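The two chains are supplied separately, each in an independent frame; assemble them into the complex guided by the hints.
Top line first, the protein sequences correspond to chains A and B. Sequential numbering of the first sequence, starting at 5, is according to this note's numbering. Sequential numbering of the second sequence, starting at 56, is according to this note's numbering.
Because the hints were derived from the structure by calculation, they are not lab data. In this text the structure is predicted, and so the values were computed from the model without any measurement. Be aware that one or more of the hints could be misleading.
Unchecked claim - With beta-carbon atoms standing in for the labels, derived distance ranges:
1) B/300 <-> A/36: 33 to 41 Å
2) B/91 <-> A/35: 51 to 59 Å
3) A/25 <-> B/301: 29 to 37 Å
4) A/174 <-> B/293: 52 to 60 Å
5) A/194 <-> B/311: 22 to 30 Å
Said to hold, decoys possible - If you only want the chain B side, here are some residues facing chain A, beta carbon under 10 Å, derived:
6) 65
7) 70
8) 127
9) 130
10) 150
11) 175
12) 181
13) 226
14) 368
15) 372
Built from N, CA and C at the ideal position, the CB exists for glycine as well.
Each chain, letter by letter, is given below.
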Amino acid sequence: MTHYAMVIDLNTCVGCNACMAACAMENQTPVWDKNKWRTYVHDKEIGLGSDVQRRFFPRLCNHCDNPPCMTVCPTGATRKKANGIVFVDQDLCMGCGACAMACPYHARVPVTRRDMREGREFYGSDYRRTSPSMDKCSFCDHLVEQGRKPACVETCVGYSRMFGDLDDPNDPVAQMVASGAARALMPHIGTRPNVYYIDDIRWRG
Amino acid sequence: MDVNMTYATQEMWTWWLAIYLYFGGLGAATLAVTFLTDMYLKPNRALVIWGAGAGVVLLALGSLMLFGHLLDKTAVLTVLNPMAMLNQSSAWIAWGTQFIIWMMVWGVLYALPYVRETEFPHRVPGIRDLIDKPFVIGTSKLVQRFHRSVGWLAVINGVGVAVYTGLLLQSFPAVALWHNPAVPLLFTVSAFSTAMAFLLVLMYTLLHDQADEHVRVLYERIDLVLIAAELVILFSLYQYLKNGSESAVRSLELLWNDYGWLIGFIGFGLILPFLLELKGVMRGWGSRVPILTAAVLVLAGGYLLRHYFMYAGVYAYPW
Ligand code: SF4
Ligand code: SF4
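The following block holds chain B by itself, in its conformation from the complex (with noise of 0.2 Å):
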């Protein structure tokens, strides 16, 4: 059609969605990890609380990022209703809010039986009344008999959260930023990534068991092999959009034109903390604070990617 097309990014969803994809995606995956390394390497009280509690809270407060900005707060009655995943089931939306439901009830219900266990929560006024509950004492006698099925509910439940925010941009066909399979992947592994990269800020800060060394190793290792992937994904999605649609090609300038996506994701949020995680790994640091570093990296570089990501895809309007 003889017309001239016009470029324009959206300015629908920023950085309040940027927030909810990467809590979303951050609190699914740390529950999912947690809860297999306390089945699988080592039982972890301490790991299940917080890893489970920080979660939890995390996928609240992405949630509500999103509930905040709805238009008609009454209408989401309509997908808190499991029956949205049948009934709407193209929808991604209604599938991750179900997972996210359901991975906040999995995360409180593993952890159950370990708070009952520990003591401070049993001089908490409300959470002792609360706890001390028959149906909450039933409960995790239950949860306790069935808890590798709890776990695994959950861990299948966080894989769908992380695929989940990647899919969710993959639906949307105008912008071939976001419209390629190369986004569900690359969401789903830095969601791992960051979690790693969580868990290790927690076991070097809150809790210093010296029995959790081997479980900060194989983090460690883990965490570089996702950050390689990564890496590996986005040069050929680089490629991608290199050789793509006049839309790609726009997302691509935006994207590697702006400092904060070429020095602050890709620069200190990916390949730093590569770096200093393959020394850690190879010869190993003297001090904590390399690993703790590269893991606050991978943490703000999980949000800056979904940062950038939301405001380069570019729609190519013809008019």
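Bound conformation, chain A alone (with noise of 0.2 Å):
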């Protein structure tokens, strides 16, 4: 089986937010309101007094094994594939933010009639938005089918995110993780996310 996974290491990111725009052009994502990110790289002074150092701190859905997202939802838009990607079926999700208000990591924006109308304007004749619902990364999986990676990790220029199958003992992801190096979020409310990140600088040496 495959069992995908995004691997982000906060020593590398330099916070270009090339991920940003690369994430918003290949899905088209609401530009114009910049609350409406599938993926956001936050800017953060971490520790106290002279020991603050500046981190940046990218964040997306996080493809949670337990996702309570999935289980809230009362149209069943939100499902789960076999490789672990979670996605919002656009057509079926009537926009009730349930979803929204049970994600622990704020990775859901609702993507409005108004958004659309704005989208056709901005993207173009090849606008793909059908409906209005929430939103959120997919892992780019239309990517993922034809082989590629997502296009945050396509684009990245410091390396910093990976991604790739947990379930292959020879993936550099699955080993990273499999050390216990890259850590997930909050695993104490029991999503089991499959994003994590390295935060200690001696790891990749």
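Right, here's the structure in full:
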């Protein structure tokens, strides 16, 4: 089986936001609204006093193995593929927002009819969205099906984002996760995320 | 992980969802209490017509609040299908939608024989034509035969709606304020307390039947117990939040530093009506004004509870 996951190395993320731009163009997200990114890079100051560091923190849907967004979805629009990718069927979604309330990672954004009107103007005739719905990262499953990597991974200048198959023991991503160097966010909530973070400078030498 | 946490309150479900939860619980509990009163305390045509009418309207208005905010209104058809409960059995909105729809059906059916017996609807042109249709007459006779069964279906369904409003909030794991068993309990008790208050308002204003005195007294007593139960649940919730995760502590700070919650809801929405009703139950009041005041305060408090609960839900994000 295939079980997709992403590892993000916080030590090499330079905060260039190329991943945000690549994702937006690949997935035709509502770039006119600054709150509607599928992936977002937070710019943080970490630490106290003289020990303050600047850190960039990219986030996106974690494609949880136990996704609360899916269990609360009344229409069945949020589903999970056998390869671990959690997706939203935009035709089924009624946009109640329950999934956004359930997601502990702030990974979902609403795409409204107004966004669709803007989208047709901005992206032109090949705009693909057909109905309003909640929206989130899909690990670019349309690219993954073609054997490619998600747009954010392909574009990442610091090689900070890595994408791979947890079920393949030879995959570097699987090895990083198995080694314990890459860790998931907020494991206590029980969502079992598939996006992992490396925040230890020494790990990659 | 070596990052700072940030704390954020959601902006997705705000006052309009508070109204949905409020009207849903209040409407369903009003129907359930009305029918129980009619079945076991005193058959009461006027109370059923007003209680059922108001209950159905409250449920419809509450549902409209949710419907109005859907991104894609046509996709709502999925949850109008009863199979949604089985297909999406873990999703409380799927259950809640069905509960609310069926609650309105039982409400209308239970009241139908009473409506047909009443003179006024026969004088209103549109309604007269409707209730005199052979199909409606047949349905009314059938309901009369199985009045208790319909009543109990409504009562069970009503409890379902009231519990659902809290279960829905409980299903969001990242917010400690909502994700705990006190919430369905609190919302259910509050729904029935506000229903008592609503029916007391009806009985003290529109339905002045002296013979209903014992029903009113019973409602006051039950409401007193429910308010006391609400205070106990709130106290245990306070203890849970006080010693809980950061998200819980932040919610607690938001709630207990807000006069709307502290003075508005707990002071005027619970403690003051409790004292007014306690005096009424122990020694009685010379006029209906104090109990009417208590009932109106309980009703306002019921909304404030849901309003502040929605706004004080704090998420903790590791970035
Ligand atoms: S990160 Fe949020 S949206 Fe993504 S699968 Fe997990 S719960 Fe669902
Ligand atoms: S907004 Fe759409 S995907 Fe999210 S819970 Fe509602 S129906 Fe499901």
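Okay, the hints, checked on the actual structure:
{"no.": "1", "hint": "B/300 <-> A/36: 33 to 41 Å", "result": "holds (36 Å)"}
{"no.": "2", "hint": "B/91 <-> A/35: 51 to 59 Å", "result": "holds (56 Å)"}
{"no.": "3", "hint": "A/25 <-> B/301: 29 to 37 Å", "result": "holds (33 Å)"}
{"no.": "4", "hint": "A/174 <-> B/293: 52 to 60 Å", "result": "holds (53 Å)"}
{"no.": "5", "hint": "A/194 <-> B/311: 22 to 30 Å", "result": "holds (28 Å)"}
{"no.": "6", "hint": "65", "result": "holds (6 Å)"}
{"no.": "7", "hint": "70", "result": "violated (14 Å)"}
{"no.": "8", "hint": "127", "result": "holds (5 Å)"}
{"no.": "9", "hint": "130", "result": "holds (4 Å)"}
{"no.": "10", "hint": "150", "result": "holds (8 Å)"}
{"no.": "11", "hint": "175", "result": "violated (39 Å)"}
{"no.": "12", "hint": "181", "result": "violated (32 Å)"}
{"no.": "13", "hint": "226", "result": "holds (5 Å)"}
{"no.": "14", "hint": "368", "result": "holds (8 Å)"}
{"no.": "15", "hint": "372", "result": "holds (6 Å)"}
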